[in-house]
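Novice: Work out the full structure, taking the sequences as your base and the hints as a guide.
Number of protein chains: 2
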Amino acid sequence: MVLTADRTSRTEVQTVHIDLGERSYPIVIGAGLLAAPDSWSGLPRAGTAVVVSNVTVAPLYMARVKQALAVHYGRVLEVVLPDGEAHKDWVHLNRVFDELLAQACDRRTVLFALGGGVIGDLTGFAAACYMRGVPFVQIPTTLLAQVDSSVGGKTAVNHPLGKNMIGAFYQPVKVLCDLDVLRSLPEREFSAGLAEVIKYGPIADAGFLDWIEANLPALMARDPVALAHAVRRSCEIKAWVVGQDERESGLRAILNFGHTFGHAIEAGLGYGQWLHGEAVGCGMVLAAELSHRLGLMPADFVVRLRDLIERAGLPVCAPDLGLAKYMELMRVDKKAEDGEIRFVVIESLGRAGMRPAPDALVADVIAAHLA
Amino acid sequence: MVLTADRTSRTEVQTVHIDLGERSYPIVIGAGLLAAPDSWSGLPRAGTAVVVSNVTVAPLYMARVKQALAVHYGRVLEVVLPDGEAHKDWVHLNRVFDELLAQACDRRTVLFALGGGVIGDLTGFAAACYMRGVPFVQIPTTLLAQVDSSVGGKTAVNHPLGKNMIGAFYQPVKVLCDLDVLRSLPEREFSAGLAEVIKYGPIADAGFLDWIEANLPALMARDPVALAHAVRRSCEIKAWVVGQDERESGLRAILNFGHTFGHAIEAGLGYGQWLHGEAVGCGMVLAAELSHRLGLMPADFVVRLRDLIERAGLPVCAPDLGLAKYMELMRVDKKAEDGEIRFVVIESLGRAGMRPAPDALVADVIAAHLA
Chain V
5 MVLTADRTSR TEVQTVHIDL GERSYPIVIG AGLLAAPDSW SGLPRAGTAV
55 VVSNVTVAPL YMARVKQALA VHYGRVLEVV LPDGEAHKDW VHLNRVFDEL
105 LAQACDRRTV LFALGGGVIG DLTGFAAACY MRGVPFVQIP TTLLAQVDSS
155 VGGKTAVNHP LGKNMIGAFY QPVKVLCDLD VLRSLPEREF SAGLAEVIKY
205 GPIADAGFLD WIEANLPALM ARDPVALAHA VRRSCEIKAW VVGQDERESG
255 LRAILNFGHT FGHAIEAGLG YGQWLHGEAV GCGMVLAAEL SHRLGLMPAD
305 FVVRLRDLIE RAGLPVCAPD LGLAKYMELM RVDKKAEDGE IRFVVIESLG
355 RAGMRPAPDA LVADVIAAHL A
Chain W
5 MVLTADRTSR TEVQTVHIDL GERSYPIVIG AGLLAAPDSW SGLPRAGTAV
55 VVSNVTVAPL YMARVKQALA VHYGRVLEVV LPDGEAHKDW VHLNRVFDEL
105 LAQACDRRTV LFALGGGVIG DLTGFAAACY MRGVPFVQIP TTLLAQVDSS
155 VGGKTAVNHP LGKNMIGAFY QPVKVLCDLD VLRSLPEREF SAGLAEVIKY
205 GPIADAGFLD WIEANLPALM ARDPVALAHA VRRSCEIKAW VVGQDERESG
255 LRAILNFGHT FGHAIEAGLG YGQWLHGEAV GCGMVLAAEL SHRLGLMPAD
305 FVVRLRDLIE RAGLPVCAPD LGLAKYMELM RVDKKAEDGE IRFVVIESLG
355 RAGMRPAPDA LVADVIAAHL A
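As you go down the protein sequences, you meet chains V and W in turn.
Count along the first sequence from 1, add 4, and you get the number used in the working numbering.
Count along the second sequence from 1, add 4, and you get the number used in the working numbering.
Keep in mind that the hints are not guaranteed to be accurate.
As the list claims (entries may be wrong) - Derived contacts from chain V toward chain W, CB cut-off under 10 Å, selection only:
1. P63
2. A108
3. F129
4. G166
5. G171
Simulated from the structure, these hints should not be mistaken for laboratory data.
For each residue, glycine too, the CB sits at the ideal point set by N, CA and C.
Specialist: In structure tokens form, the structure reads like this:
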């Protein structure tokens, strides 16, 4: 899919301000940002910039980013890692440290994360730890990273015994969401990103759910005007939630709507079989069904959400892992307490909460949506 | 050396409050703290406590600490690492993560650092990163760690290309400085700790320098009353400096009095030849001489400080690395800017500042104190 320059030029640059006191930062959203000189203004001054990317994204955008940065930094270095979640580990984090130290990068060095969630999480954590903290800028190149990783300050690498187990809360100094880079995203990954966009409707903004339903064709055609609104509103909602709960003690859990079922699907099938967003899409159908069976939402809400998720190109039927396996996988969820599984449910359109649910009811919910 | 119970009982428990808003914490100083039930009150509640120590300290104090913690935590686990700076690396940090994850420790788990600076730095960094941050308690078992690592929130591991290059600013929830544990410290390590105690006088408190001179025999006899005062005043001074500059942008550099010369000595002889405190002791003599040659301090200040450092059992003559080597090593110091070496100097008794100095003058300073 190629968008004409004319359509691109119709999007204005929008900014969402993430207000965290001293650690506040702007998320800049627009088409053609990588090529626009303004995008690169107001960054921390330093002698050296280091762009961290992966072998898939670097051939597409590294040259453009380095060229833009060369105007502001005496030295622009790059670290290109292999692509994929399997490489979000200490070994590859250390590759960044090795390069920074080999090149004598000082504590003013600015890191740039050019890639999806994996590159963002790893680079953010590298920035958090290098000389006890250097500034970093996020340039998310997937829809999922633009609407999810842009806000919240979660950085991490995986450990063989658990995902995201080693990390830090560390905020970027700026996030650049260039909508044009989403054109290079494969259909399946784009749909996976839409799952997280859709999520923000039922948990926080009924009007946004209406808007997504009406504008799904434009979004799927990657219309930059529609994308700009979807990314901006998603970031605003996440910022509102995170702003009230930066360290994830309570409210922030509602961002995990669909994720308890989704994580079980991902883990049960083996990570990588379904994309995270696909599992979350299907998980939201199950969580909607659960909300209905708990007497919180009418049956037509389940139908409505399932239809939207299906139209977005996402799976809506749960893989048959066996009910016992589902229950076992959900009991190790980080939200579980003393073995009781707690689910994010929709209490009314635009409002979510946490509820425990009897095993038998959860089993019925899964059974009702098996593939 | 064995202190009688009678002398020990004369020290009252003292507390220095480190005021950092939400991240404030107490440093509790006294004799017999490990055995006192009160020491362990007010800690974060959790199911699991994990004590990290090394093979030298664990046989002496691990059982006592675990016994005390068993009253408050359902599970008390231990991780015992090899002793020494060479093991303050990612491999051993990962040993802590491996154990935490293998034992399914959740994000409320409390870590306890039982050891000197290496254990404190590594455990603090593990706490900063595990599940993006769990609480930790410091139980420093060396004089150096009690008067230095207790305050400032610096945690880190080493990288093959540099010391303390990977780390975080992360505050403990409590520090327990048991003066009795200092009895098991070898003479040489005790003297090394005294170097940092002495340092606080010239940089911040002329009266404290007088007090140290008068009480050095009691300190070296490890009299708990004298030690209590030395540890408390050192922590207070460091807290005052750090409180004005938590992230080390300016004033905090004065804590590095003697360290620019000291680091050169450590690196030039090969790390481990001289203890850090020994190099700092000698470095302070050189920095005092430099302060004199810059016209800031009279010659008798140099004599006075050198005599005190010598009485504390520390080296006062610089090893002959060759002047060129000294200059080269000091130019890579973190305080260097654009290749110009900047030194912490004493401007008047109790007040320090940062100054550049001509190479020829620095060479004269070193030459005047060669072994």
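Novice: Would you mind marking each hint as holding or not holding in the structure?
Specialist: To see whether the hints hold, each was checked on the structure:
Of the supplied interface hints, the one on V/P63 is violated, with its beta-carbon coming no nearer than about 29 Å to a beta-carbon of chain W, more than 10 Å. The restraint placing V/A108 at the interface with chain W holds, with a minimum CB-CB distance near 9 Å, inside the 10 Å limit. At about 8 Å, the closest approach between the beta carbon of V/F129 and any beta carbon in chain W falls short of 10 Å, and the interface hint on this residue holds. The interface hint given for V/G166 is met, as the beta carbon of that residue sits about 6 Å from the closest beta carbon of chain W, less than 10 Å.
Hint status for V/G171: holds, given a least beta-carbon distance of 5 Å to chain W, under 10 Å.
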